[in-house]
Amino acid sequence: MKAYATCHDPFIRYCSALAYGKMDTEDLVQDVLLSAFQHFDQIRKRGELLHYLIRAARNRSISKWRKRKFQTEWVDKHSDHLEAKGISPEMRLDIQLLYRTLDRLPDQQRDALVLFEISGFSMKEIAAIQSSTEGAIKTKISRARKQLKRLMAEKNATRDMSGILNTLQTISL
Amino acid sequence: MKPVGKEDQLFEVLREVPTEISLEKVGLIVKNLPPLPLWKNWLHYFNLNTILMSAITTTIIIASLLLFSPKEQQQDQSIVPAKPMSEEILSLSPETKTTPRTRPKSISPVKPLSIRPIFTTENRELRPSDFSLPLTKFVSNTKAISPPPPLQNDKAKPSSVTIRPNLMIPVQYNCDPPLDLTKENQKRLKQQIRRSLLLDHLIFSKKESIIIEVPPGEIIVNGTTLGEDLYEKYSLILYQDVPPCPGRHLVIGKEFVGIGHFTSTGQFKGVSSGPLPADILRKSLPAKNLLDLSLSDESSTELFTGTDLRTTLLSDERPGNTTFLEHPKSQDGSGNAFGLSWGEMQQLKRKLLAQFIKDKLIEAKQKKAILSYRKEAIMVNGKALSTTLADSYRELLATFRITASDSREIHIAPQFIIIGNFTSKGGMTLGQASGKDMIVNQRKPSGLYADDTFRLIHAVEDWH
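For the record, the sequence lines run as chains A and B. Numbering-wise (the numbering used here), the first sequence opens with residue 1260 and increments by one. Numbering-wise (the numbering used here), the second sequence opens with residue 12 and increments by one.
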């Protein structure tokens, strides 16, 4: 647990991001921890534990919940959790939109962006986790940002239009 | 300053919001993780592949051990309860009061040559024999046998009984000249043997010639020694008509049956019936058990020869009656049919070949030739020579003491020369040969009869 304590925060945030709207975060964490426990002897350096956990979480999410669409029950559950932490409803809606948009990004770009922005890893650490170079990670994150911004703008426009239509429908009724 | 976008704000919120699962909760999860079973540490070295490979290897090893383990003990055990024949014979003696102490395993195999006759049949008598092998009377299972003399001691144990190794089956043998086969018996024997051999894939065609050797305790079909199972089967079929005897052969052709010995001097002794087809000679010569004929070395050797009876048989035009018996002594008593030495044979060959080429009867030395040396005419490869030419050949042959005869021929090929008397049915009754490759190698056809045209070109109309 001592080795784990330092990894806890970024690991859970990453798991939350992976699981948002799709699965129970606790299930994913439990799976990954069990796997780490079974292969603990093979993790030579304690510093590699975090990398192992991140990679395991990613692989598990791919193998078990690949192509799974957002499900209302999980979205609600995660939204409730954010509500409990004092996040406003509008912000929760934006977070939901953010996760949905993230889901549309290429896997590698999304992972790099989540690890950098949400888990708070440095470029170097992400490069180590993804077995890549720092430059490549920088590029991935940059591209992911641009893509995310574009997709978010589209979504917002659509949402504004649907809001106007809803308002007009209410007035006409 | 770079403006902060909405996404950045959201990321910041997500980065700062407390984690969904607290460290304490993770601690609880870890505590509740199922402990690793102890065997997990070493069991992971084994997988399905390892287990399968080990199982297959073990099975193969055990199967090999079982397959190649000696079966003698098993067979002994299975046969011992049955009353062995030797014991049966011993118990027939009314005079002996001793209980036979012998057990099958105590009977040691006896060499055929050391056999003493101790049993006689009721209706047979010993004939004067010219066999080189000692005679032993054959005791047929179907015939009544006289009581054997009482056994005095252990040394007097049955000496006429040979134990076949691994089988503990007593094999009796009889080297008397075989009885004349009736036509019915011949037909039955031929059909029965042919059918059985075909079924057992020992021959592949009904027309195929068969040579069976029947030494005691063994049956050799076309040079192949039969295994135990087949031996038992064929001993039942054969031994009634062809009693086992060292060197005895049963020869079966399309219409031919012969039972007899090939002696080391190139004689065939026995009885036969039916026209001897040429392929019998071809087949018989390369058989391993006939190598004592020494046809393939460079020495001068006799071929099959006949006796005085031969003359009668040759003059007897009844088809299908060819009998080989002993041949008369050669002119010089040397054992060679024409009394020619190896050097003389080679010299004759060279001179004849040179003469053939000179007279344009053959194109080259490598060609084959048959010279038919009859009193009235001489023919070379079916072509009758003119009187002048024939006289020159007569002179040449006379220098080698070769006289004319109705059935006399000289066969010449690059590797050999044969001088002999040939029957109209294709057999050779008297002859002398020198050279090599006279026999047909079945794998690599060569030699005298490899090329059928070699004989077909001969003028004898009913050669085949």
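To be clear, the hints were calculated from the coordinates, so they are not data collected in a lab. Warning: the hint list may mix true and false statements.
Selected chain B positions facing chain A (Cβ under 7 Å, derived; list incomplete) [as the list claims (entries may be wrong)]: (1) 22; (2) 31; (3) 32; (4) 38; (5) 39.
Idealized CB from N, CA, C, for every residue including glycine.
Okay, the hints, checked on the actual structure:
1. Interface hint status for residue 22 of chain B: upheld, as the beta-carbon distance to the closest one in chain A is roughly 4 Å, under 7 Å.
2. With its C-beta approaching chain A no nearer than about 5 Å, residue 31 of chain B sits inside the 7 Å limit, and its interface hint holds.
3. With 7 Å as the threshold, the beta carbon of residue 32 of chain B comes within range of chain A, its nearest partner Cβ sitting at about 5 Å, so the hint holds.
4. Taken as an interface hint, residue 38 of chain B checks out: its beta carbon lies about 6 Å from the nearest beta carbon of chain A, inside 7 Å.
5. Checking residue 39 of chain B against chain A: minimum C-beta separation of about 10 Å lies over 7 Å; hint violated.
The earlier numbered hint that this structure contradicts is number 5, and it is the only one.
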